[in-house]
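Undergrad: Those protein sequences? They're chains A and B, same order as listed.
Okay, so the first sequence: first residue is 0 according to numbering that gives the first Met the number 0, each after it adds one.
Okay, so the second sequence: first residue is 0 according to numbering that gives the first Met the number 0, each after it adds one.
Since the hints were derived computationally from the structure, they do not count as laboratory data.
Where hints are given, some of them may not hold.
List of simulated lysine-lysine pairs, DSS-like, C-alpha gap at most 27 Å [as the list claims (entries may be wrong)]:
id: 1; chain 1: A; residue 1: Lys379; chain 2: B; residue 2: Lys52
id: 2; chain 1: B; residue 1: Lys23; chain 2: A; residue 2: Lys379
id: 3; chain 1: B; residue 1: Lys181; chain 2: A; residue 2: Lys379
id: 4; chain 1: A; residue 1: Lys374; chain 2: B; residue 2: Lys91
id: 5; chain 1: A; residue 1: Lys123; chain 2: A; residue 2: Lys189
id: 6; chain 1: A; residue 1: Lys445; chain 2: B; residue 2: Lys119
id: 7; chain 1: B; residue 1: Lys155; chain 2: A; residue 2: Lys391
id: 8; chain 1: A; residue 1: Lys123; chain 2: A; residue 2: Lys313
id: 9; chain 1: B; residue 1: Lys52; chain 2: A; residue 2: Lys410
id: 10; chain 1: B; residue 1: Lys131; chain 2: B; residue 2: Lys119
id: 11; chain 1: B; residue 1: Lys23; chain 2: A; residue 2: Lys442
id: 12; chain 1: B; residue 1: Lys23; chain 2: A; residue 2: Lys391
id: 13; chain 1: B; residue 1: Lys52; chain 2: B; residue 2: Lys99
id: 14; chain 1: A; residue 1: Lys379; chain 2: B; residue 2: Lys155
id: 15; chain 1: B; residue 1: Lys59; chain 2: A; residue 2: Lys391
id: 16; chain 1: A; residue 1: Lys410; chain 2: B; residue 2: Lys91
id: 17; chain 1: A; residue 1: Lys442; chain 2: B; residue 2: Lys221
id: 18; chain 1: B; residue 1: Lys221; chain 2: A; residue 2: Lys410
id: 19; chain 1: A; residue 1: Lys374; chain 2: A; residue 2: Lys313
id: 20; chain 1: B; residue 1: Lys95; chain 2: A; residue 2: Lys379
id: 21; chain 1: B; residue 1: Lys181; chain 2: A; residue 2: Lys410
id: 22; chain 1: A; residue 1: Lys87; chain 2: A; residue 2: Lys106
id: 23; chain 1: B; residue 1: Lys181; chain 2: A; residue 2: Lys442
id: 24; chain 1: A; residue 1: Lys37; chain 2: A; residue 2: Lys161
id: 25; chain 1: B; residue 1: Lys99; chain 2: B; residue 2: Lys131
id: 26; chain 1: A; residue 1: Lys37; chain 2: A; residue 2: Lys391
id: 27; chain 1: B; residue 1: Lys52; chain 2: A; residue 2: Lys445
id: 28; chain 1: A; residue 1: Lys410; chain 2: B; residue 2: Lys119
id: 29; chain 1: B; residue 1: Lys91; chain 2: A; residue 2: Lys59
id: 30; chain 1: B; residue 1: Lys221; chain 2: A; residue 2: Lys391
id: 31; chain 1: A; residue 1: Lys379; chain 2: B; residue 2: Lys59
id: 32; chain 1: A; residue 1: Lys161; chain 2: A; residue 2: Lys313
id: 33; chain 1: A; residue 1: Lys410; chain 2: B; residue 2: Lys59
Covered, in the sense of this in silico footprint (three residues per stretch, anywhere, with C-beta under 8 Å from a C-beta of chain B), are these stretches of chain A [as the list claims (entries may be wrong)]:
id: 34; segment: 39-48
id: 35; segment: 86-93
id: 36; segment: 193-201
id: 37; segment: 220-229
id: 38; segment: 320-331
id: 39; segment: 356-366
Note that the Cβ used here is the ideal one computed from N, Cα and C, for glycine as well.
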Amino acid sequence: MKKPGGQSINFRDNARQALQNPTLRRAMRHATETFRNKRNDAIDGIPFEEWREQASELRKSIIGNINGYVDEFAVNATKRGAIVHRAKTAADARDLITAILKDNGAKSIVKSKSMVTEEIHLNKCLADLGFRVIETDLGEYIIQIAGETPSHIIVPAIHRSKEQIGQLFCEKLGCDFSDDPAVLTDTARKLLRQEFLSADAAISGANCYIANTGSIVLFTNEGNGRMVTTLPPLHIVVTSIEKALPSIDDLPLLMRLLPRSATGQVLTSYLSIISGQRMAYSTMDTKRLHIVLLDNGRSEIARGPYWEMLKCIKCGACMNVCPVYGMIGGHAYASTYPGPMGVILSTLLNGLENAHPLLDATTLCGACAEACPVKVPLLKLLYELREMRVAKGYNNTLEGVSMRGFGIAAKNAHIFRTGQASAGALWPLAGILSPVTVNRLPKPVKRTFRRRFS
Amino acid sequence: MRVQLFATCLVDTFFPETGEAVLKILDHYGVNIVYPREQTCCGKPPNSAGYRKEARQAAKHFISVFDGTDPIVIPSGSCASMVKNHYPDLFKDDPKMFRKAEALARRTFELSQFLVNVLKVHETGFPNGHGKITYHASCQLTRELGARTEPLELLKSIKGAEFVPMNNADRCCGFGGVFMGKMPEISMALADDKVDSIIETNADIVTGCDHGCLMNITDAAKRRNVDFQIKHIATVLAEAL
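Here chain B stands alone, though its shape is the one from the complex:
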């Protein structure tokens, strides 16, 4: 199988190691990866802030770059939801673009959903897990994409590691994209609550499918004395391979 990879701005700019982890996992399952080099941003920030014109500019570019019929894999629930759920809405008054956006949406998958629902990887059986892992369920992944079980199936099937659920796992960590910049005080307070939930689990690693959340949690964690690591689900899986 061949897929197109949309790495996301955060992976590209801040966390290239997550991109490497995605390549490693997909390669393990025999997937050929195409990285369209003209990719930029999915347009999530302007879309969330109400800048429809700018969001459409980004969406148009994305649609032209991710041409063809191959599945598109995105290691982020919020970016994947942008493409799957918001692109068609952005072009609801433009029938030609709307059809393209809908076709694109149908072949776009967040990483954990791609692994479980397309590749049918229910049990990774990855041998090299270790320690206790807990999981933060990010908002768009959970509520816009409905991916409530896929990441858990993957994490629970890592051998050698123990999965420990956290309380209020699907409560917002306070990232919220532009929210983090516009309401930093509330954002930090919510991230502090999330860190409390993580600490309660005694986990060694907290993971999730969105670097936005993990970044916000990292900031709250660094202001406290915590001893857990924060890793994207792709990294957790790749390290256990």
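Chain A on its own, in the form it takes in the complex:
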């Protein structure tokens, strides 16, 4: 079977390791259960299904005309003084961002949370070039000083306990140990305040951009987003093309659905709508606003059979309900985006060659599709990508052989019966070949149910 070279993700080993980490398992269980309960409370007694349907239709129409919205946004944002860039690939985006920073003589950068910058591995690139980059979302700050990547798209340090964070702060920041979240937050707040005031550039993501006004929108909870996008003289927004909304009138729907689905909040704490450069009447320095719109394969995905994945609004609800994710956390997926949406998006962005083992990271239970606030048919896409994996030859060879045998037996009751009988006879042998699975199953009975009818 043709299997082009390249390193694929060793999901099973990663998962096995995660399962052996009791702290991780406790943290994941507690956090995902809390988010599930909060979400259930937040959607109780509201016309959630109706909003989901509206949002689904809206997102569908957007993805159908994605480059039209990119163009409209670029025109309107430019009118308001922003400089809009389009990056075809991750490397293009990194080059653009680096050039903007250099042109502006920026050395010290504060960031607010952005998964798209994780996707393009921006922090490592900037650090290698000698820039000082500080993450200011508390979760991102924690994993930055720990030298880790986010394990959840909304809650990047979800895998860590407060005791672990206390130890980390103690070790890396030289403060006294505390596992009180309020004390730890205060420690980070004091250190970050200095960073906000001294940084000469800011990089943020965007939860969506609005085509008819040229605005970008941030949903945040800690206030760091406001600091990042107002204090430094240069602000670079990095976002991906599918995050369009046609009109500012569409924003309320997202405002209702996104926080409820993500964290179970009825409303986000801070909603920032940034429309172009700071106006002339501002008393502060004129701010330079650059917006980098990343494609990185999305235009092609939008044209292909799996386009519905781009409806995703990156709320993370599918992760919080996924039994597999809840058991092992995000790092086992070895991808920017973990959980059900991550399995699909990583496969589409990085290719089957790299990501095909992730397609085993699902029991196909369907909880993800049920939770999705924009009705991305996650379950259907998982089935379809598994078919694609077989069609492209990235399946397991032995599995392929046994499925072919199965297909022949399924067509003929006589062969099927013979297969059943030999399975019974060969059961001890099967137990030796595949002990983990076979020992978990009961033994086949001597007299099958069908024999009562013969």
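Since the structure of chain A is provided, determine the placement of chain B on it from the hints.
TA: Same frame as chain A, now just chain B:
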């Protein structure tokens, strides 16, 4: 009324007593049962693993064996969902087979849905229940077939038994068909969680509509010291009759 019974591979190969229980219940309600002897597998394993060709082979055979217009009863949510939801999709590029698959899907029912929605058995009134019964809501039954209330109506109406809901009843037990074999560690960890939820209820019996899940739960239970029994809903109902 006459129905065709698709027993499923698991009942046929591992749990024939569940098949007997199905016969007993249907017989109680005066249903005539035809068992098409050429039946094999619905094709769920290849379909879930991405083997469309093999899934179509199984589906074609099923469609030819389960001929006619009688309802088809299946004591499994995942097999019933395979026939009802996935067969039409397998033949979406073959109009003739698609029409057949759709017609077949319309007359296919998971056992609890058949009892409640077709036979209109809302109250079994079965007299011989005993002990506390809890229920695991299997994934395809709950989310693909939408059978959220039917099994509960049946179980709650058994006299002499007490129904106790478990926490996270509709959370996956970790079976997932091929998942159990490919990701055994995660599968076992999820089954352990399910056993914890069952233990919390103090139930004497845990039941469900899918032998796949019950098999996975049985394995987790046998590695622990538990004192509940694990029975398919057909067996629970038949024993209470």
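Undergrad: Are lysine 95/B and lysine 379/A close enough, with their CA atoms no more than 27 Å apart?
TA: Judged against 27 Å, a Cα distance of about 23 Å means the pair holds.
Undergrad: Keeping to a limit of 27 Å between CA atoms, is the pair of lysine 87/A and lysine 106/A held or broken?
TA: holds, 25 Å
Undergrad: Assess, step by step, whether the Cα of lysine 99/B is no farther than 27 Å from the Cα of lysine 131/B, and give holds or violated.
TA: Cα-Cα ~43 Å, so violated.
Undergrad: Starting from lysine 123/A, check that the Cα of lysine 313/A is at most 27 Å away, please.
TA: The hint holds at about 23 Å.
Undergrad: Run the distance test for lysine 91/B versus lysine 59/A: straight-line Cα separation, threshold 27 Å.
TA: holds, 22 Å
Undergrad: Hint check: lysine 161/A vs lysine 313/A, CA-CA at most 27 Å. Holds or violated?
TA: Distance of about 25 Å is within 27 Å: holds.
Undergrad: Holds or violated: lysine 442/A with lysine 221/B, Cα cutoff 27 Å?
TA: holds, 14 Å
Undergrad: Check, residue by residue, whether the segment 320-331 of chain A contains three or more positions whose beta-carbon lies closer than 8 Å to a beta-carbon of chain B, and give the verdict.
TA: holds (count 4)
Undergrad: Lysine 23/B and lysine 379/A were given as a pair; does the straight-line alpha-carbon distance stay at or below 27 Å?
TA: violated, 37 Å
Undergrad: Does lysine 391/A lie within 27 Å of lysine 221/B when you go C-alpha to C-alpha?
TA: violated, 40 Å
Undergrad: Going straight from one Cα to the other, do lysine 131/B and lysine 119/B come out at no more than 27 Å?
TA: Answer holds: lysine 131/B to lysine 119/B is near 25 Å, not above 27 Å.
Undergrad: How does the coverage statement for the segment 39-48 of chain A fare against chain B, requiring three or more residues with Cβ below 8 Å from a Cβ of that chain?
TA: violated (count 0)
In this structure, the hints that do not hold are numbers 2, 6, 7, 12, 14, 18, 25, 26, 27, 28, 30, 34, 35, 36 and 37, in rising order.
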